[in-house]
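**Q** Residue numbers (the numbering used here), protein chains in the order written: chain A, 23 to 483; chain B, 23 to 483.
Careful: at least some of the hints might be erroneous.
Put simply, identical chains are the same to the list, so a pair is met inside one copy or across any two.
Said to hold, decoys possible - Below, simulated DSSO-like cross-link-like pairs (lysine-lysine); rule was C-alpha separation at most 27 angstroms, straight line:
#	residue 1	residue 2
1	K468	K208
2	K106	K54
3	K33	K351
4	K50	K337
5	K290	K371
6	K68	K351
7	K437	K133
8	K362	K421
9	K437	K468
10	K313	K54
11	K351	K371
12	K208	K223
13	K99	K343
14	K54	K337
15	K343	K223
16	K290	K99
Think of the hints as simulated: they come from the structure by calculation, not from any bench.
2 protein chains.
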Amino acid sequence: MNASRIHDILKLEPQEQGIRLNGWVRTKRESKSFCFVEVNDGSCMKNLQVIIDASVDGYTDFIGRLATGASVAIEGKLVPSQGKGQKSEVQASMVEVVGDCPGDDYPLQKKHHSFEFLRTIPHLRPRTNTFGAVTRVRNALSFAVHRFFQEQGFVLVHTPIITTSDCEGAGQMFQVTTLPLDEIPKTPEGGVDYSRDFFLKRTGLTVSGQLEGEAYACALGRIYTFGPTFRAEHSNTVRHLSEFYMIEPEAAFFDINDDMDLAEAFLKYVIRFVLDRCPEDMDFFNERIDKTVLSTLDTILSNRFVRMTYTEAIKELEKAKADFEFPVKWGIDLQAEHEKYLTEEVLRKPVILTDYPREIKAFYMKLNDDGKTVRAMDVLVGRLGEIIGGSERETNPDKLTARMAEAGLNEENYKWYLDLRRFGSAPHSGFGLGFERLLLYITGMKNIRDVIPFHRSYQEA
Amino acid sequence: MNASRIHDILKLEPQEQGIRLNGWVRTKRESKSFCFVEVNDGSCMKNLQVIIDASVDGYTDFIGRLATGASVAIEGKLVPSQGKGQKSEVQASMVEVVGDCPGDDYPLQKKHHSFEFLRTIPHLRPRTNTFGAVTRVRNALSFAVHRFFQEQGFVLVHTPIITTSDCEGAGQMFQVTTLPLDEIPKTPEGGVDYSRDFFLKRTGLTVSGQLEGEAYACALGRIYTFGPTFRAEHSNTVRHLSEFYMIEPEAAFFDINDDMDLAEAFLKYVIRFVLDRCPEDMDFFNERIDKTVLSTLDTILSNRFVRMTYTEAIKELEKAKADFEFPVKWGIDLQAEHEKYLTEEVLRKPVILTDYPREIKAFYMKLNDDGKTVRAMDVLVGRLGEIIGGSERETNPDKLTARMAEAGLNEENYKWYLDLRRFGSAPHSGFGLGFERLLLYITGMKNIRDVIPFHRSYQEA
């Protein structure tokens, strides 16, 4: 008899059929002549209740070993449950303790553990309800991302992780090297001799796959990336990771309006997918982590996103009665308090702001005819603020080189990028979305370290 | 009228309906009063043929600009084609050259280009037939991997890219640092002062997510990873990359037989998926790249894989009439010539070898009762050799620590890994598969640099 997974067993009608399952003991309640054991196998939030009669072979041997955390193999019948909270339960005919779990040492006893403590045992925390749920939701959300883009004809592109460009940039890149740090080879002039490094030049970890993604969009039409991205920022907040995942679609012949349509359809699709696929996990987050999770997600699903220019948004904020810490005037980068006010007080629904001042946006964004604003679009949602940032890209090579010079970039490193504007240039647009921030939004978890399996942050690895 | 993609247009019945499309000119043939243009938009291998009559508005202006590589927007009617090779074509009513492509400079003229040359323009090569096909097949294969594991109840786990373990290992790891290489801080003893590095310790790029994957399998039951992996090997062959993608499933309560079943089902599923999803691209590879591609894939689909122990395989090889460069005897690591002989001469189908000598396999593989062999399993296929390597994992903490000591590993760094054997240990198994090697196998491409968008190899980035 092959073992079944609890997720599947719970869907069966309790008709006395034979069942075999494997999993880990969550709790045990003993009485004189039998005991109840709750078993979880990670396939779903729910445990399966197992009743073990004292007449089962070896009862006196295994009963003491059915401790929290022990792994078990169980055979029995699936029968209707007498108790509350479950339709069915298993009446065991065979119980085997596969792996013991010594109660004295095991860090995950039944009592409540703080997320801070659990962060110190990242190899064990997926065994808890919260982190099991985070893992399943993260998985469902990942698959939803792929499903959405595949259905829309977007092609996945693995852009490079080790990169040679941008290394002289803002100093937020990790360096990748095989040079011996205790004996760095030097050039005659006294600098680091990168001709002896693995790639014969200085290399770092990517901060974005967008530029390479553009090259593929200008060949395949519609592409997306979904992979790890790195920032060596000295930020120790609940919203920053040094290693995190980004989703970056890019599409040729898409203008900013197509881009906004894509972003809105994307968010609605992936949220609906997770709600459909993980209803129990989502109920858990709504009950135990943040009681506004489900209603917040509903504001995404049930509203057409408002579209508004940055300039209009500034006017709204100037009218506001609110006392902002950062004074509002045209040209400022919007702060969390401003985004919060717009989405939660003024509009009460998601909003896409467009046409930001060029000074606060990236060099590759298309300059508007006013010469002052760029074709950027940011999606803002309640509780989180900016969840997506995108733009139509600059296709005019002269404007682009001027913007690159302003940004202090070395044109020599971007020759290939300019080629995309020289050879069959096409309007194209895309956006970027931090996967873990979307997970925070969907689960209501507060610390970004708790929605990635093994977090990497400033001074933490 | 919104633009359609050529992949979709080619499925329509040519019923004179209005069509709008965007894409890039591949070729143009002019006659006196009209011209034919082949347009490709990356959505599929096939071009769409467009007939432009000299009476179309602006003909004399745009006709000279319809050069190879130029981007265009076209409106017209989809009509039955008179010519061979296509069911339908577009009779243009409006033609706009969106982006010119200066023929003098454009590296992708109609003539044949070597893969070596195309490797020097990775941002443009996806515009060719071969690299468009590679990109679409890579995308389909990626999605097939996710679909397969999701359907089987496996949960995707993003294991860390930056890692602290194994850094003192075999010297094949890239180091990740933010220390200034031209001014490395030193400890009083003269060593590198890692307490001033970003993570307060020495860190590198991961060579495998397996160990972290095991932690999640021992909580969620069934997991898989699919992400970038790094080796700083000084290997400059057509089979090695410094940055490549690995797929690593891991499942609790799976023994080596379950693992073999999973590997076989996996390979059959993803190959069938690619053949279904990309028939034209696969025909292209079979015609232009390697005429054995489709028949080789068929040996996977139409055979039950042979299962054989390493010891049995050695006996087969000892019986062989073949002249091997590397002499055969029990204990050797099988070479390409041996694998080739087994799969292509002896068995003529895929084979899974099990129970290898412990000396040639990794420390984490389960030791058999004979004390000499481990529960490893390698899947070998014709033309490529080993395509999958896996094992049942050692769960006995004493045997594991002994094997770690033999392998020269510092037990201190693996305490968390031993925890998985101390707390509710369960039998578990998994395997690893190099995504690009599978792509070589499926496409028939010969150089691994040509199946990843931007390759990173020794001295090449």
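**Q** Compare the structure with the hints numbered earlier in the document and write down the numbers of the violated ones, lowest to highest.
**A** 1, 3, 4, 6, 8, 9, 10, 13, 14, 15 and 16
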